[in-house]
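Trainee: Taken in sequence, the protein lines are chains S and W. Numbered by this note's numbering, the letters in the first sequence go through residues 1 to 114 in order. Numbered by this note's numbering, the letters in the second sequence go through residues 1 to 116 in order.
Errors might be hidden in some of the hints.
Derived SDA-like pairs: lysine to any residue, alpha-carbon spacing no greater than 25 Å straight-line [what the hints assert, rightly or not]: (1) K3(W) - K68(S); (2) K113(S) - G40(W); (3) K68(S) - K109(S); (4) K113(S) - S26(S); (5) K3(W) - S26(S); (6) K57(W) - K68(S); (7) K57(W) - S26(S); (8) K71(W) - S45(S); (9) K71(W) - G40(W).
Coverage of chain S stretches by chain W, computed from C-beta distances (three or more under 8 Å per stretch; other residues unrestricted) [what the hints assert, rightly or not]: (10) 40–52; (11) 104–113.
Hints in this document: simulated from the structure, not taken from any laboratory. Quick caveat: nothing in here was measured; it's all calculated off a predicted structure. Note that beta-carbon positions come from the ideal geometry of N, C-alpha and C, so glycine has one too.
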Amino acid sequence: KNEVEQSPQNLTAQEGEFITINCSYSVGISALHWLQQHPGGGIVSLFMLSSGKKKHGRLIATINIQEKHSSLHITASHPRDSAVYICAVRVRQGGAYNFNKFYFGSGTKLNVKP
Amino acid sequence: DVKVTQSSRYLVKRTGEKVFLECVQDMDHENMFWYRQDPGLGLRLIYFSYDVKMKEKGDIPEGYSVSREKKERFSLILESASTNQTSMYLCASSLPGQGGSFTFATFGSGTRLTVV
Chain S
1 KNEVEQSPQN LTAQEGEFIT INCSYSVGIS ALHWLQQHPG GGIVSLFMLS
51 SGKKKHGRLI ATINIQEKHS SLHITASHPR DSAVYICAVR VRQGGAYNFN
101 KFYFGSGTKL NVKP
Chain W
1 DVKVTQSSRY LVKRTGEKVF LECVQDMDHE NMFWYRQDPG LGLRLIYFSY
51 DVKMKEKGDI PEGYSVSREK KERFSLILES ASTNQTSMYL CASSLPGQGG
101 SFTFATFGSG TRLTVV
């Protein structure tokens with residue numbers, strides 16, 4: 001069983017639609033990241049959350065620590081939002097080097113049609 | 001524009017070949033990482049390095065080794081490529097002390113390796 005589950009795996013929307021991508025996790029975390037990967041392959045960080053809600057432009061991310069669940073919302077979707085969205089949870093790991101361990105969801109492939 | 005550059009976008013290699021994947025960053029980052037990305041499995045950490053000549057195993061190091069002789073360059077080596085190493089390989093770098101937090105990490109565009 002994966003520590004991080006995302007749904008849906010694939011999502012097709014019409015331009016302008018409101019989109020929700022869900023992420024559930026089964027481990028104790030110190031933070032959750034939402035990442036965006038464009039067809040070129042490079043990954044960028046959209047949000048880092050440890051509680052509550054964050055908003056950036058048309059993107060909103062929420063997290064419920066008690067329920068171990070996070071959602072990424074895109075309002076007024078646009079074709080340029082087409083990408084793979086990845087949920088990653090950070091688990092603090094001890095040791096001489098304080099490296100954070102991550103578990104990743106398998107991604108949600110979003111296609112927004114004009 | 002700061003960046004992480006992976007030397008090849010696509011590679012096709014034969015089973016048993018020794019394969020080198022190169023990654024160079026121009027941000028003077030101490031931390032560098034190699035991930036592989038497979039459908040349905042997401043990203044998995046192969047190795048990371050927090051300083052020149054230093055390396056640590058990630059979650060799936062078997063069949064791989066790494067080299068970091070210079071701060072800006074982190075190489076992933078497949079000693080004897082196998083078909084189950086066909087994947088997308090992503091390199092990343094980050095500032096010291098960030099421990100790989102994605103907020104501060106920069107990723108390369110990836111190398112899609114096919115082993116036939």
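Trainee: Each hint needs a verdict: does it hold in this structure or not?
Mentor: Results of checking the hints against the structure:
Between K3(W) and K68(S) the CA atoms are separated by roughly 34 Å; this puts the pair beyond 25 Å, and the hint is violated. With a C-alpha separation of about 24 Å, the suggested pair K113(S) and G40(W) falls inside the 25 Å cut-off, and the hint holds. For the hint pairing K68(S) with K109(S), the CA-to-CA distance comes to about 22 Å; that is within 25 Å, so the pair holds. A distance of roughly 34 Å separates the Cα atoms of K113(S) and S26(S); the hinted pair therefore is violated under the 25 Å criterion.
A hinted pair counts as satisfied when its Cα atoms are at most 25 Å apart, and K3(W) with S26(S) does not qualify at roughly 34 Å. Taking the CA atoms of K57(W) and K68(S), the gap is about 28 Å. The hint is violated against a cut of 25 Å. The straight-line distance between the Cα atoms of K57(W) and S26(S) is roughly 24 Å, inside the 25 Å bound, and the hint therefore holds. Between the alpha carbons of K71(W) and S45(S) the distance comes to roughly 24 Å, so the proposed pair stays at or under 25 Å and holds.
The straight-line distance between the Cα atoms of K71(W) and G40(W) is roughly 33 Å, outside the 25 Å bound, and the hint therefore fails. Requiring three or more residues with a Cβ within less than 8 Å of a Cβ of chain W, the coverage given for the region 40–52 of chain S holds, as 7 such residues are present. Given as covered by chain W, the region 104–113 of chain S passes the check, having 4 residues with a CB less than 8 Å from a CB of that chain where 3 are the minimum.
Checked against the numbered hints given earlier, the structure breaks hints 1, 4, 5, 6, 9 and satisfies all the rest.
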